[in-house]
Amino acid sequence: MESTQVLTAAHPTPLSTKPHYAILDGLRGVAALMVVAFHLCESHATSHLDQVINHGYLAVDFFFLLSGFVIGYAYDDRWSRLTLKEFFRIRLIRLQPLVVLGMVIGAICFYFQASPVWPGIAAVPAWKVLLVMLVGFTLLPLPVSMDIRGWHEMHPLNGPGWSLFYEYVANLLYALGVRKFSNTALGILVALAGAALIHLAVTSPAGDVIGGWSLEPEQLRVGVSRVMFPFFAGLLLSRVAPLARFKSAFLACSVLLVLVLAMPRIGGRNGCGSTASTTR
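Here our numbering is used: position 218 in the sequence shown is 218, and no number is missing along the way.
Honestly, the hints are just simulated from the structure, not real lab data. Even glycine gets a Cβ: it sits at the ideal position worked out from N, Cα and C. Please note: incorrect hints may appear among the correct ones.
Keeping only pairs whose Cα atoms sit at most 30 Å apart, straight-line, the calculated DSBU-like set for lysine-lysine is [said to hold, decoys possible]:
(1) Lys247 with Lys18
(2) Lys85 with Lys18
(3) Lys85 with Lys247
(4) Lys128 with Lys18
Computed beta-carbon distance windows for the label pairs [unchecked claim]:
(5) Val169 with Gly29: 19 to 27 Å
(6) His199 with Pro160: 20 to 28 Å
(7) Thr203 with Pro264: 15 to 23 Å
(8) Arg81 with Pro160: 32 to 40 Å
From just these sequences and the hints, can you work out the full model?
In structure tokens form, the structure reads like this:
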């Protein structure tokens, strides 16, 4: 069967009455596997220079791109009969259950992480873990003073939660104003966001755009830069990209995605900085 079946009929539900992009689910899975492989290889790397699957962390940016595309496709033409309250209710139902589950699992496993890597974990009182978990249920970012693991994370019980926080921010910006932008205005926003991301990449001491998981000023800059361009570029794509069917589309896109994320770092220690990367 051809993988050109990029659209499959979805079962009508109150939240979805449009055809479903099956290929996007598949590509999201490929990207997720690349993230897992990236972190497994990271534990054996001596620095960012010999990291295998060097750009695997950019799968997060790919997730932002997919989210922007899906949001535009699903909601752009429904605002005449959709309220802000209903939009946010739908998004909460879609995203929040797994946020809560992730925090609970993180709390259960927290003390098992005690090691020379995180020497302070064993001394964290249980009440503080419970407090961090309860705040984590809301996905509100924690200040550095509330970090209980040692990496200055806004969600120390579920490190990757920072990306969902920024996805909520992008959803908020979309619903409150960007949804009303013309394609021209949206294109300008995407161009400016792209320029900011390029500037971040070329001025980064480590030669990459890794980061975004902390409320520290530089980390906030990284997080905002990493979400603004891909999310709203995905939104723009949902408006202007024509639907098409291609033979072996999933295979071709998967191979391209793997090649991009596995591309080795170009340049040596002097050109890319010498700080070992720590990613989420």
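Report the numbers of all earlier hints that the structure fails to satisfy, in ascending order.
3 and 4
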